[in-house]
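**Student:** Okay, here's what each chain looks like letter by letter:
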Amino acid sequence: MSDALIRNFIIPLVQVLVVLGVAAGAVAYMTLVERKILAFMQLRLSPRRVGPHGLLQPIADGIKLLLKEDITPARADRALFTLAPIITVIPAFTALALIPFSGGGSFNIFGYPVSPWIADVNVGVVFLLAISSLGVYGIMLGGWASNSKYPLLGSLRSAAQMVSYEVPFGFSIIGVLMLSGTASMVGIVEAQQKAHLWYFVPQILGLFIFFVSGVAETNRLPFDLPEAEAELVAGFHTEYSGMKFALYMLAEYTSMIVVACIVTTLFFGGWLRPFPSVSALAWLNFGLDKLNPALPGFFWFFLKTFLVLFVYLWLRGTFPRYRYDQLMKLGWYWMIPLAIANVILTGGVLLLLRR
Amino acid sequence: MFRTEMMDINMGPQHPSTHGVLRLKLVLDGETVNDTDVLIGYLHRGVEKLCETKNYHMIEPYTDRLDYVAAMYENLGYVETVEKLMGITVPERAEYIRVLTAELQRIASHLVWLGTHALDIGAMTVFFYCFREREIILDLFEAFCGARLTYNAYRIGGLPWDIPPGWIDRVRHFVKIFPGRQKEYETLLTKNRIWLGRTKGVGILKSEDAIDFGVTGPCLRASGVDYDIRRAHPYSVYDRFLFDIPTGENCDTYDRYLVRMEEMRQSLRILQQALDHLPAGGVMAKVPKRIKPPVGEVYHTVEGPRGELGFYIVSQGDDKPYRMRFRSPSFVNLQALPHMVKGALVADVVAVIGTLDIVLGDVDR
Amino acid sequence: MGMQAFLQKVLLLELWQGMWVTLKNQFRPHITVEYPRETVEFAPRFRGVPRLRKDPQTGEELCISCLLCEAICPTECISIVAEKRPDGKGKQLVSFTINYERCCFCGLCVDPCPTKPITAIYMSHDYEFAGYDRDAYVATREELVDGKPVKIYTR
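Chains as they are written, first to last, in my numbering: chain A, 1393 to 1747; chain B, 5 to 369; chain C, 55 to 209.
Because the hints were derived from the structure by calculation, they are not lab data. Cβ coordinates follow ideal geometry from the N, Cα and C atoms, glycine included. There's no promise every hint is true.
Label-pair distances were calculated between CB atoms; the ranges are [as the list claims (entries may be wrong)]:
| # | chain 1 | residue 1 | chain 2 | residue 2 | range |
| --- | --- | --- | --- | --- | --- |
| 1 | A | Val1425 | C | Lys78 | 12 to 22 Å |
| 2 | B | His281 | C | His179 | 58 to 68 Å |
| 3 | B | Ile172 | C | Ser149 | 37 to 47 Å |
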């Protein structure tokens, strides 16, 4: 096998497979973590029957969903009905290619350097925005193709919601881009390292807007209108069952994880350890950096991502659901002006500092 | 080329937030409700007719199954009606214990309302906190009468049993801990801007409309009408207790929420007074084994957690009623639903169903 | 709008308070009972399925076939067949069946039971009553006294 083939094809393929595998596992266990955390907030026990402390529950759920009868409603648009969940899943997973899971070095496997990210694109953030807004098509088409009333309402809601929250979602990142001067995900983390400052400090407003619109983008409570179970039964996926339903769930949780990863990367210093310059805290590397400088980065990245995901679940456990018109109002009256104000503010301050 | 059309949508009878088997036919213009048709009867069991074939003792378990969320009140209203018809005076201790259990039931019922209402609006955690406290009350009821939902707790002429030992202390403990728990729900909801947005100005029912529809209970009081049967036509020993009747001003869902929250606090006040003045003595009056009320008819109401709960009995001197009629508050309050949701959004329909606090067993009978 | 109210609005104070409540409650003990691994304790008055009992001293059946419970049962789930005692005094049971499918657990049958000091029919604490067969819900006199065999869930 030629060297170029391995470098350009085999290594990325392995990377993709590893990330896909880890992501699918993370999604599966995300459902369990969600149920556990919600249960603890609500003074309940969580799933505990399958395996010790319910640890095998996601596998059981997966098997159940695979074996379920896959029903397509009689008057549904068959092609679109099948296609819609796939359209939703692909962008959610594609976004993972851009996430730098660790940094500071690459692994040397059989003499070939393997970076801890799949791709470092110089327009990474823009690409992420573009790919994440594709997910709405799957939801819209799914609701439409079901040829049923509740899914239709749900998909209409989601179209309006996701399109309008796309705007503050994008605007809130601009502050970060201004500070770092690059749109590459790796570059942003490195800029934070250089500045000795994680961007959630200067960009606290940006973080807030980004996170809120992120929650809205991923249709989670308090913005889970497309699938508001109290009103629309299950919203756009009312008619879905079996594996197609599982794909929607997979997409939803993957998007959650992606948003959490982006928050970590852009605002919380990605793979960076807290207070890297304080040598008294060097034990926080757990000696892993002696094996490979990139290893502790994984730990910190996943810890931070998990904490962001915890906030997601915490919100779900605490808040009531917005109404459709209030959600739109919040988006257009508050989030978008705030995001633009944040851009102007950041630009102005940067201009003053440069002088 | 383009045209819009109304969408008919069936909400229920199998829908997560119609509180049972209520069916609404909504005519939607986008998400706006243009017209509502309330269809009931999916839980009709013909209890009224059935009662004509049962003697007066046998009817009480059937009343349990009308408003199964607040069965104590159904029991209370029924036995008091028969006692009124027969002119039986119930021992004072029995009256006090009836008030104790009934007010506990009011809190339990309001907790179910709060939990499900909040769940409908999306705050799922409140539901579990409410049911945690309701469980304490149900344990008290289990200790008192042996059942947790369908109590059959009273008998014509008094109570089948006195309260078990230690019960009073457990009620006192509940009265002590409940305000703190209630504060928790209030922290989660009362000032929460999402909750305010979802409930303020939603489902407005003006006081004159409320009276026209015959709405009673917290829904009426939240419309600003100070009418509570415990005060207006005192039954049992309610004339001896000090309590306030909370009323609302804005006639909306949020006011109904506040009124019910305040009612729970007032119930605690009544509980405290009843506990302090609980008299000693027997709990059963002298009642003949076969109950044969004199010829006549009687209507008696009690203030249930959902409103005016009325019982109408026509007796022809037999041991079975000639005609039995329940005036169930859920049924009457439900009539106001189409009026309250006209022009609202789909999400508001859910909020209004929750705020009316209907129990389908009570609506359909 | 006062300064405090303004700050409250901008800093989302009430939302943080709400989140504090849910965070705090995570560390409270759970209230779920892991049935069937654990079961709850019943109050002594708990009304399970109605059963018959024997005199604890003599071991004789207490029921005197007075038919009062049959008469008061609102769902007519009790049916008693009685015959004259051979010695001529009173009646004795031929059969006593309770149809648990119809029983509504109201406990009215216990009220008029005339045997003293304990009633012949009583509300037991049995409640686990799932089954595959309708016939399993018609309890005969022997089953009413000894209790129906209940299949305990194990795993």
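**Student:** Hint numbers the structure violates, sorted upward?
**Tutor:** Hint check: 2 fails alone, others pass.
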